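If you read the protein sequences in the order shown, they are chains S and U. Going by numbering that gives the first Met the number 0, the letters in the first sequence line up with residues 0 to 144, in that order. Going by numbering that gives the first Met the number 0, the letters in the second sequence line up with residues 0 to 87, in that order.
Quick caveat, the hints were computed from the structure, so don't treat them as lab data. Bear in mind that the values here come from a model prediction, so they are computed numbers and not experimental data. Some clues are possibly wrong.
[To be verified] Label pairs and their calculated CB-CB ranges: (1) S/Leu27 <-> U/Phe26: 18 to 24 angstroms; (2) S/Leu5 <-> U/Lys66: 47 to 53 angstroms; (3) U/Phe26 <-> S/Gln110: 33 to 39 angstroms; (4) S/Ile132 <-> U/Glu10: 25 to 31 angstroms; (5) S/Glu108 <-> U/Gly29: 55 to 61 angstroms.
Quick reminder that beta carbons are idealized off the backbone N, C-alpha and C, glycines included.
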Amino acid sequence: MQTAPLTIEQTLEKHGKYVCPIVGVSMLPLLKEEQDSVVIEPKNTRLPLYSVALFRRGEQYVLHRVVKVEENGYYTRGDNTYFNEYVLEENVIGVMTGFFQGKEFVSAEDQIYLKYVKKRIKSYPVRRIFVKIKAIFQKLFKKRT
Amino acid sequence: MKVKSEFVLREVGGEKIVVPVGKTAAFFHGMITLNETGAFLWQFFTEEHTADDGANALCAEYEVDKKKARLHVDKFLSTLFDAGVLDE
């Protein structure tokens, strides 16, 4: 048995994978905090569109989906966020190859999962408008009360 | 003693890995991998048992003498304790 008080980068190098729990809500509804975990593997090639990248943002580790592939990096976005973040290739540590929803393992190549990804990407513009409208109503409601 | 309920055992590509769930997830950033006997002991210690119980269980499951089994169990438990995974 081995314990590994290592950084994620060191763990990936040593074990060839890193299994970690979800912290935060940016990948909802796919990945739920305190319930689900993801399997990360080192990035060997350039990440394909719509894959989920683990990258460094300063001291933080972030797990977001690649929504646009650029020459020197990627635009990424959480499934539950409404802004794109540019990430340099060198800051990408790994790629999600699967995840556990509770006890059930789902591969990143699973057909049902891929359907979810397509649907999530396709519905983004509508969801974004909805969120904006919701924010306006919330602002108006706050002003009145 | 038993393993904390905020940790679960998951199998990834044939490898047994301990993953934190619940609120612990925000604080635990390591990764614990278990070999076959480690995974066996993990399952055993998901319920309250003594180290001696663990050694007996190991002897019943594998061809190993009690002394060696106890050493193995002690090492297993002390590693889990150091990692904050064990409820005493």
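Quick rundown of the hints versus the structure:
no.: 1; hint: S/Leu27 <-> U/Phe26: 18 to 24 angstroms; verdict: 21 angstroms, holds
no.: 2; hint: S/Leu5 <-> U/Lys66: 47 to 53 angstroms; verdict: 33 angstroms, violated
no.: 3; hint: U/Phe26 <-> S/Gln110: 33 to 39 angstroms; verdict: 36 angstroms, holds
no.: 4; hint: S/Ile132 <-> U/Glu10: 25 to 31 angstroms; verdict: 45 angstroms, violated
no.: 5; hint: S/Glu108 <-> U/Gly29: 55 to 61 angstroms; verdict: 28 angstroms, violated
When the structure is compared with the earlier hints, violations turn up for hints 2, 4 and 5 and for no others.
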